[in-house]
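Model the full structure from these sequences, guided by the hints.
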Amino acid sequence: MKKNLLFVLLLVFLSACSKEALITPGQLGFDGITGNEIIISGSTGSDSPNEVILKGGSDQVTARVDFAAENWCSVKVNKVTSAQSEEIWKLVITTEEYTGNESRKAYISVNNSIDELTLIVTQTGRGKTVEMIVVSEGQFTKGTASLSAITYDGTTTWNIFQDVNQMPLGDVAQSISYIDGKYFVVLNNSRQIKVIEPQTFKLLGTIDYEQSASPRFMVPINDSEAIVSDLMRQLTKVNYKTYEVLEYINLSGTGVSQIEKMTKVGNKIFCAALGKGVVVLDSDNISNSPMRFVEGFTGNIMKTAKMILDKNNKLWVFATASGKTVLNCIDPATEKVVKTVEIPYAKAESEDYVVGCITGTSGYNRMDTDRTRGKLYFYMTMLVNVERKTAIGAIFTLDVDKDAIDPIPYRELPGLGMMYGMGISPDGDVYLCDCLNYTAQRGFLRKYKADGSVESKRVGIYPRMVHFTEYDK
Amino acid sequence: MRRFTYISILLLIFAFDAMAQNVNSVKKFTLDSAMIRENRLNKINEVTVGTRVSNVNSVILKGSQTKSLSELLSDNTMVYIKSLGQGALATSSFRGTSSGHTQVNWNGININPVMSGSFDFSQIPVFFADNVTLFHGSGHLKNGTGALGGSININNRADWKDSTRFNAFAEIGSYDTYTTAASIKFLNKKSLFRTRLYYQQSENNYRYLNKVFKKEAFYEYRKEAKYKFAGIMQEGYFKLSDNSNIYTNLWVQSGSRRLPQPIIVNITQHEKQEDSGLKYLIGYNFRSNKHDFSVKGAYLLNILDYDKWFDNDYFPNESSHNLSQTVHIICDYLYDYSSKLNLNAALKYTHDFVNATNFSKTTVNRNVISLQTGVLWNLFSHIIINGHMMLEVNDNRYTPTFSAGISSPIIKGILSAKANWSYNYKFPSMNDLYWQPGGNSALLPEKGFSYDATLTFIQKSKEHIYFKSEITGYLMNINNWIMWLPTMNWYWEPRNVKNVLSYGLEVLTECNIVFNSYKVKLGVNYTYSPSINRDKNFEEDDTYHKQLPYVPLHKANARLAVDYGKLSFSYQICYTGKRYTSEDESYSTVAYTIHDAELKYDMFTKKHFKLTPKLRVNNLFNAFYESTQYYPMPLRNISGSIMITF
Chain A
1 MKKNLLFVLL LVFLSACSKE ALITPGQLGF DGITGNEIII SGSTGSDSPN
51 EVILKGGSDQ VTARVDFAAE NWCSVKVNKV TSAQSEEIWK LVITTEEYTG
101 NESRKAYISV NNSIDELTLI VTQTGRGKTV EMIVVSEGQF TKGTASLSAI
151 TYDGTTTWNI FQDVNQMPLG DVAQSISYID GKYFVVLNNS RQIKVIEPQT
201 FKLLGTIDYE QSASPRFMVP INDSEAIVSD LMRQLTKVNY KTYEVLEYIN
251 LSGTGVSQIE KMTKVGNKIF CAALGKGVVV LDSDNISNSP MRFVEGFTGN
301 IMKTAKMILD KNNKLWVFAT ASGKTVLNCI DPATEKVVKT VEIPYAKAES
351 EDYVVGCITG TSGYNRMDTD RTRGKLYFYM TMLVNVERKT AIGAIFTLDV
401 DKDAIDPIPY RELPGLGMMY GMGISPDGDV YLCDCLNYTA QRGFLRKYKA
451 DGSVESKRVG IYPRMVHFTE YDK
Chain B
1001 MRRFTYISIL LLIFAFDAMA QNVNSVKKFT LDSAMIRENR LNKINEVTVG
1051 TRVSNVNSVI LKGSQTKSLS ELLSDNTMVY IKSLGQGALA TSSFRGTSSG
1101 HTQVNWNGIN INPVMSGSFD FSQIPVFFAD NVTLFHGSGH LKNGTGALGG
1151 SININNRADW KDSTRFNAFA EIGSYDTYTT AASIKFLNKK SLFRTRLYYQ
1201 QSENNYRYLN KVFKKEAFYE YRKEAKYKFA GIMQEGYFKL SDNSNIYTNL
1251 WVQSGSRRLP QPIIVNITQH EKQEDSGLKY LIGYNFRSNK HDFSVKGAYL
1301 LNILDYDKWF DNDYFPNESS HNLSQTVHII CDYLYDYSSK LNLNAALKYT
1351 HDFVNATNFS KTTVNRNVIS LQTGVLWNLF SHIIINGHMM LEVNDNRYTP
1401 TFSAGISSPI IKGILSAKAN WSYNYKFPSM NDLYWQPGGN SALLPEKGFS
1451 YDATLTFIQK SKEHIYFKSE ITGYLMNINN WIMWLPTMNW YWEPRNVKNV
1501 LSYGLEVLTE CNIVFNSYKV KLGVNYTYSP SINRDKNFEE DDTYHKQLPY
1551 VPLHKANARL AVDYGKLSFS YQICYTGKRY TSEDESYSTV AYTIHDAELK
1601 YDMFTKKHFK LTPKLRVNNL FNAFYESTQY YPMPLRNISG SIMITF
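Residue numbers (the numbering used here), protein chains in the order written: chain A, 1 to 473; chain B, 1001 to 1646.
There could be a bad hint or two in this list.
To be verified - Taking lysine to aspartate or glutamate and the DMTMM-like style, the derived pairs with C-alpha atoms no more than 25 angstroms apart in a straight line are: (1) K1536/B - E455/A; (2) K457/A - E1539/B; (3) K1211/B - D208/A; (4) K264/A - D47/A; (5) K1214/B - E225/A; (6) K1211/B - E210/A; (7) K447/A - E1318/B; (8) K1215/B - D427/A; (9) K457/A - E1540/B; (10) K303/A - E1539/B; (11) K182/A - E1216/B; (12) K457/A - D1541/B; (13) K276/A - E1318/B; (14) K105/A - D47/A; (15) K1308/B - D208/A; (16) K1223/B - E225/A; (17) K1578/B - D47/A; (18) K457/A - E1585/B; (19) K449/A - D1305/B; (20) K1215/B - E116/A.
Simulated from the structure, these hints should not be mistaken for laboratory data.
Okay, here's the thing in structure tokens:
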């Protein structure tokens, strides 16, 4: 009996010694990464955890995030069995989405009974990520169109396409659209569309017109085709995968000669037809579907009329009539105007002609919305001096669920030279494109802040459009 | 004997065949007094003392018969020519000013287009010019207001002494360019008639590498650039007496060209322009001991038809038709008060008539009357002072202008100096006033003061070496510069928006050497031309103190010509510096250097008969260059011609 007990004790002792002999300090490590750091994008949220595999670990592993990063970074240790029946330890790291400009780090201590490691988790700030792109037309026939990239930390590269590709963007840049993971820049006088890689701005290819055209704006209609509007009595169908023009659709005889901006709602394309109103086409039968006019539309469509789809899935269009602005609310399902909000202009010598009243709007009207799509923002002129009858530009708003605009201006726009474009950021910030006095010099993108201050950045010649990359989906 | 002396003196003068020649009266004082007096009389009639004057060398002029005036000026003078290509629109910038500030005169008659005011030098063949003289700056008022940058003067002369009766040539060049011309002259003691005919056509379809339009560079041929051109000139000169003569000149030409597009666009539309013009001049001169009287009248007709069509069946074509007519009447009187004092007065009337599709009124008329007076005073032995005043009434708007100049030797026969001060105007063009929409009848004239000073050094070391160097500094302030800008309703209108400061240096050096049977001529021109917007229009105006678009800071050309017996060789280098293409210097187009070479040989020279074959290579090193950005110029091209003269 004693001999058996001694034997058992000896076995246990030998087993323990052999275990110590097998486990050597410094064998625990990270597999599949370089060094001891991983980099996670700030846009990655808690729904997309990252995994790091451990090697050399055979006993229990624990991991802990440093105290300073606990609010945004967490780690779990999982043990799984591989196909080869090996035990594998994994760290599952979860980070909260991050919108700061600068990168931040979390330090994860990884331990087993022998080793202790530190994994550095670097979550990149979006500071160097492009936040907005300003499209500048440039002078006609001079090839001075440009794209200006502004990052989240405010760095501006005013001619980024030229800098990256060592060639000019083209002649008269009209619009930029994010389609299929790429940017499509329509060049009106070049009769060309340039395809550009987001963030790097490398040129990927071109779509070239072989027929006369004056292309303006582009909207996808299915998973490979898009329609490009035009001022020369046509629409053009292109394949945005193969960069080819598929068809020129003649609009002669339809009563519509110039189409500008378009918005796709479901299977319908709503088009701003200059001087005519809003026309509707079926996206699955563009070439042959009859062109239908939205019923009940009030006012005149100008070149810059942009249709806004609100949170209620209604389409808003800014139009002008004699002595007033009319905001038309269209139900896409019925193709009818279901509500109008009129903004009359105060006439001189009338009782309404007081400081703060609305006296008109720009010849080229501007309207946009924010991330919520619950508010419309539009440019009007506001009286500031009754005796001298002087007015300045101002941004007014309309809650889409209400029937009247907010009489208090959202932003006043002093010091604006010549407004040539407007954009509202997802957060509701007001950006105006100012081409100064339209001499051939670089203009400004001006941000009008709530505290009344103005932040200006010089961009290209004749800036006309602001594109916010947050909407690139 | 006196005639022989007179002729000898004439020959002596023309023996110095310089590229650019200062006709400063001071130089002439070394010659016979009769010639001096005649030149002084001519001088007050021609240009204000102190103004810088340059002539295009007659040898160069004769060698450029197949070229247009734009190529001649670009390669051989200090004027910058902005061109859209061979045969296409070519406008000037003289001392940093705009194309509308260069006045172009034909035999003393202003031929700037009435509508735009900007002259297209591609439409004037050198073949029709006997003499091309440049007056630098705004000091020469004789031809009226408007020459803020300077004037280019194309003249025809009755050469009673030249025995050449017939001259014809034919040239074949690259890109299907064909040129042919002929002139025939009849003369006797009392009359001279000369007829000139000219024709040129070109497909102009040169090949180049396009690096700016697609992801990968690709070769293509120049499209929409072909042209053809024909012209005829008939001159008549009649000696009524020893003191009086009548002359007449009829010049008709017609051209048709396609308008090229920049290489950053897909060519899916086409433009064509047809220019037709008639210029008729008749004049009478009388000269006596103390009196010099001349009267001339001219009629100018210009027709411009423009068409545009699209590669698209459903978009309408565009066209316009524009017609302008002008009548000039000029009376000029010079009185030789004494050997030291000359007085001059000139009365001029101009009537413009325009019928244009795009004007606010179907027909527009304009009347301009000017009275000009001048004094030439030989203050001391060799110091000359000259002053001009002019009063002009332009469609009921009254403007006075003046210029004053002085010239003097510093070291007799070697170093001389002159200076000029002037105040000049340029009235808005008809397009500025009446274009629909946008024409602005409230526009003010552009105006300004200019100052320039010139030092000339001449050295004739030994009998066969001639060296000349001339340096001019100038400064001009031009106010109320007109620019077309959009209104709040987004149509464009012209406005007085800018004040410009233009200053710089012009340097000319030439050297002629004759040894053994060789004649060598070397000429170099260089200009330094800062031309900036001197005022801010608003606080953030980034055009402040920036160089004006398409005014090169540096421009230079050099020409070496070697004659050996019947063989002639010339080599030319032209450098054009970087030019900004935007008002704030944020865009620019690169500098370029072009080399040209030419070889010709006078064959079968018997008595008056001469046969001269010539071979020319332009752009010898095949440089890709653009005078106007995105409008490429021809790469290396060759032309061969043969000329017959008897």
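Verification of the supplied hints:
1. K1536/B - E455/A: The hint holds at about 21 angstroms.
2. K457/A - E1539/B: At roughly 15 angstroms apart (the allowed maximum being 25 angstroms), E1539/B and K457/A satisfy the hint.
3. K1211/B - D208/A: holds, 15 angstroms
4. K264/A - D47/A: The hint is violated at about 30 angstroms.
5. K1214/B - E225/A: holds, 21 angstroms
6. K1211/B - E210/A: Given that 25 angstroms is the threshold and the Cα spacing comes to 19 angstroms, the pair holds.
7. K447/A - E1318/B: Violated, at about 42 angstroms.
8. K1215/B - D427/A: Violated, because 36 angstroms separates the two Cα atoms, which is more than 25 angstroms.
9. K457/A - E1540/B: holds, 11 angstroms
10. K303/A - E1539/B: It is violated: about 30 angstroms lies between the C-alpha atoms, which goes past 25 angstroms.
11. K182/A - E1216/B: holds, 19 angstroms
12. K457/A - D1541/B: Within the cut-off at roughly 14 angstroms; holds.
13. K276/A - E1318/B: holds, 23 angstroms
14. K105/A - D47/A: holds, 19 angstroms
15. K1308/B - D208/A: At roughly 21 angstroms apart (the allowed maximum being 25 angstroms), D208/A and K1308/B satisfy the hint.
16. K1223/B - E225/A: violated, 32 angstroms
17. K1578/B - D47/A: With a Cα-Cα distance of about 56 angstroms, the restraint between K1578/B and D47/A is violated, given a limit of 25 angstroms.
18. K457/A - E1585/B: With a Cα-Cα distance of about 17 angstroms, the restraint between K457/A and E1585/B holds, given a limit of 25 angstroms.
19. K449/A - D1305/B: violated, 53 angstroms
20. K1215/B - E116/A: Between K1215/B and E116/A the Cα gap is close to 52 angstroms, so the pair fails against 25 angstroms, i.e. violated.
Going through the hint list in order, the structure does not satisfy hints 4, 7, 8, 10, 16, 17, 19, 20.
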